[in-house]
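Q: Sequence:
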Amino acid sequence: MRGNQLKRKLMENYTKSRTVEQPSVCPFPGLPPDTPQIRVKDGSKIRNLLRYALSRMEAKPRAAKEEEQPPPEEGGMAVEGQQEAPTRPLCKQIVFTASGKGVSKAITCAEIVKRRIKSLHQLTKLLYSTVVEVWEPLEPAAGLDSLTVSRNLPAIWILLSKEPLDCSQHGYQAPGRYDALWAQSNTREEGGGLTAQRAGQRKKRGGGSRGKGPGRHTGRSRESTKGQS
1 MRGNQLKRKL
11 MENYTKSRTV
21 EQPSVCPFPG
31 LPPDTPQIRV
41 KDGSKIRNLL
51 RYALSRMEAK
61 PRAAKEEEQP
71 PPEEGGMAVE
81 GQQEAPTRPL
91 CKQIVFTASG
101 KGVSKAITCA
111 EIVKRRIKSL
121 HQLTKLLYST
131 VVEVWEPLEP
141 AAGLDSLTVS
151 RNLPAIWILL
161 SKEPLDCSQH
171 GYQAPGRYDA
181 LWAQSNTREE
191 GGGLTAQRAG
201 QRKKRGGGSR
211 GKGPGRHTGR
221 SRESTKGQS
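Numbering (the UniProt record's numbering), first residue to last: 1 to 229.
Derived by calculation from the structure, the hints in this document are not laboratory data. From the three backbone atoms N, C-alpha and C, an ideal C-beta is built for every residue, glycine too. Be aware that one or more of the hints could be misleading.
Said to hold, decoys possible - Computed beta-carbon distance windows for the label pairs:
hint: 1; residue 1: Glu58; residue 2: Ser150; range: 37 to 43 Å
hint: 2; residue 1: Lys92; residue 2: Glu12; range: 50 to 56 Å
hint: 3; residue 1: Ser44; residue 2: Ala142; range: 39 to 45 Å
Said to hold, decoys possible - Derived pair list, reagent style EDC-like, types lysine to aspartate or glutamate, alpha-carbon separation capped at 20 Å:
hint: 4; residue 1: Lys41; residue 2: Glu111
hint: 5; residue 1: Lys45; residue 2: Glu111
hint: 6; residue 1: Lys92; residue 2: Asp166
hint: 7; residue 1: Lys92; residue 2: Glu111
hint: 8; residue 1: Lys92; residue 2: Asp34
hint: 9; residue 1: Lys101; residue 2: Asp42
hint: 10; residue 1: Lys101; residue 2: Glu21
hint: 11; residue 1: Lys162; residue 2: Glu111
hint: 12; residue 1: Lys101; residue 2: Glu133
hint: 13; residue 1: Lys105; residue 2: Asp42
hint: 14; residue 1: Lys162; residue 2: Glu58
hint: 15; residue 1: Lys41; residue 2: Glu133
hint: 16; residue 1: Lys105; residue 2: Glu21
hint: 17; residue 1: Lys92; residue 2: Glu58
hint: 18; residue 1: Lys16; residue 2: Glu136
hint: 19; residue 1: Lys92; residue 2: Glu163
hint: 20; residue 1: Lys125; residue 2: Glu111
hint: 21; residue 1: Lys16; residue 2: Glu139
hint: 22; residue 1: Lys16; residue 2: Glu133
hint: 23; residue 1: Lys162; residue 2: Asp34
hint: 24; residue 1: Lys125; residue 2: Glu21
hint: 25; residue 1: Lys101; residue 2: Glu111
hint: 26; residue 1: Lys41; residue 2: Glu21
hint: 27; residue 1: Lys118; residue 2: Glu58
hint: 28; residue 1: Lys118; residue 2: Asp166
hint: 29; residue 1: Lys41; residue 2: Glu12
hint: 30; residue 1: Lys125; residue 2: Asp166
hint: 31; residue 1: Lys16; residue 2: Asp145
hint: 32; residue 1: Lys118; residue 2: Glu163
Full structure from sequences and hints, please.
A: The structure is reproduced here in structure tokens:
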């Protein structure tokens with residue numbers, strides 16, 4: 001009840017002025033300085049996240065790089081004689097982190113990268129990040145003070161490594177542990193066809209009971225026909 005009363009009081013007499021998130025500290029000490037840390041948010045696009053992650057972990061042929069280069073109207077390179085940008089060295093480790101609603105999206109990105117790049121070791125840590133909300137009174141002359149509300153959001157840190165990790169740590173997953181999860185994902189993806197098939201079956205079932213064709217007669221019509229004969 002106290003939480004509901006506080007929320008009602010905030011909505012009636014206060015307005016939220018700013019929100020500050022205090023992210024959790026990376027729980028993986030000793031990482032190389034060039035290890036990418038990808039912060040996944042609720043509005044992030046998985047396609048863009050995977051494109052960056054795979055470009056730092058996976059060597060691609062030249063043809064694939066040329067296909068991914070955007071056209072000139074979208075910011076691509078089209079100047080003759082222009083030198084190509086130096087390619088960044090590939091990383092042996094990468095980190096995905098997210099909090100709140102972005103946690104599930106971070107897990108999805110990590111599983112797709114493991115599916116694409118074989119023999120990746122995984123270490124997962126669950127933490128909390130703090131969100132601080134500052135509320136200001138709607139009427140400063142009312143004598144109300146500004147309020148600060150702190151909330152804890154669940155956060156996840158996922159480390160993917162080409163090199164072996166300490167298997168005794170909690171949250172360690174050996175390479176090849178994604179098969180069961182991806183079997184379920186493939187089943188769900190293929191479920192679109194099953195759903196359509198079920199919809200077709202429902203349509204057929206419903207179609208059989210719709211209306212009455214000219215060749216179908218009810219019991220009354222048959223009796224009336226017998227009486228006329």
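Q: Take the hints in turn and mark each one as holding or not.
A: Going down the list of hints, with the structure as the test:
{"no.": "1", "hint": "Glu58 with Ser150: 37 to 43 Å", "verdict": "holds, 40 Å"}
{"no.": "2", "hint": "Lys92 with Glu12: 50 to 56 Å", "verdict": "holds, 54 Å"}
{"no.": "3", "hint": "Ser44 with Ala142: 39 to 45 Å", "verdict": "holds, 40 Å"}
{"no.": "4", "hint": "Lys41 with Glu111", "verdict": "holds, 17 Å"}
{"no.": "5", "hint": "Lys45 with Glu111", "verdict": "holds, 15 Å"}
{"no.": "6", "hint": "Lys92 with Asp166", "verdict": "holds, 15 Å"}
{"no.": "7", "hint": "Lys92 with Glu111", "verdict": "holds, 17 Å"}
{"no.": "8", "hint": "Lys92 with Asp34", "verdict": "holds, 10 Å"}
{"no.": "9", "hint": "Lys101 with Asp42", "verdict": "holds, 6 Å"}
{"no.": "10", "hint": "Lys101 with Glu21", "verdict": "holds, 14 Å"}
{"no.": "11", "hint": "Lys162 with Glu111", "verdict": "holds, 14 Å"}
{"no.": "12", "hint": "Lys101 with Glu133", "verdict": "holds, 17 Å"}
{"no.": "13", "hint": "Lys105 with Asp42", "verdict": "holds, 7 Å"}
{"no.": "14", "hint": "Lys162 with Glu58", "verdict": "holds, 11 Å"}
{"no.": "15", "hint": "Lys41 with Glu133", "verdict": "holds, 18 Å"}
{"no.": "16", "hint": "Lys105 with Glu21", "verdict": "holds, 19 Å"}
{"no.": "17", "hint": "Lys92 with Glu58", "verdict": "holds, 9 Å"}
{"no.": "18", "hint": "Lys16 with Glu136", "verdict": "holds, 6 Å"}
{"no.": "19", "hint": "Lys92 with Glu163", "verdict": "holds, 7 Å"}
{"no.": "20", "hint": "Lys125 with Glu111", "verdict": "holds, 15 Å"}
{"no.": "21", "hint": "Lys16 with Glu139", "verdict": "holds, 13 Å"}
{"no.": "22", "hint": "Lys16 with Glu133", "verdict": "holds, 7 Å"}
{"no.": "23", "hint": "Lys162 with Asp34", "verdict": "holds, 15 Å"}
{"no.": "24", "hint": "Lys125 with Glu21", "verdict": "holds, 19 Å"}
{"no.": "25", "hint": "Lys101 with Glu111", "verdict": "holds, 17 Å"}
{"no.": "26", "hint": "Lys41 with Glu21", "verdict": "holds, 12 Å"}
{"no.": "27", "hint": "Lys118 with Glu58", "verdict": "holds, 10 Å"}
{"no.": "28", "hint": "Lys118 with Asp166", "verdict": "holds, 18 Å"}
{"no.": "29", "hint": "Lys41 with Glu12", "verdict": "violated, 30 Å"}
{"no.": "30", "hint": "Lys125 with Asp166", "verdict": "holds, 13 Å"}
{"no.": "31", "hint": "Lys16 with Asp145", "verdict": "holds, 13 Å"}
{"no.": "32", "hint": "Lys118 with Glu163", "verdict": "holds, 12 Å"}
The structure fails hint 29 only (numbered hints given earlier).
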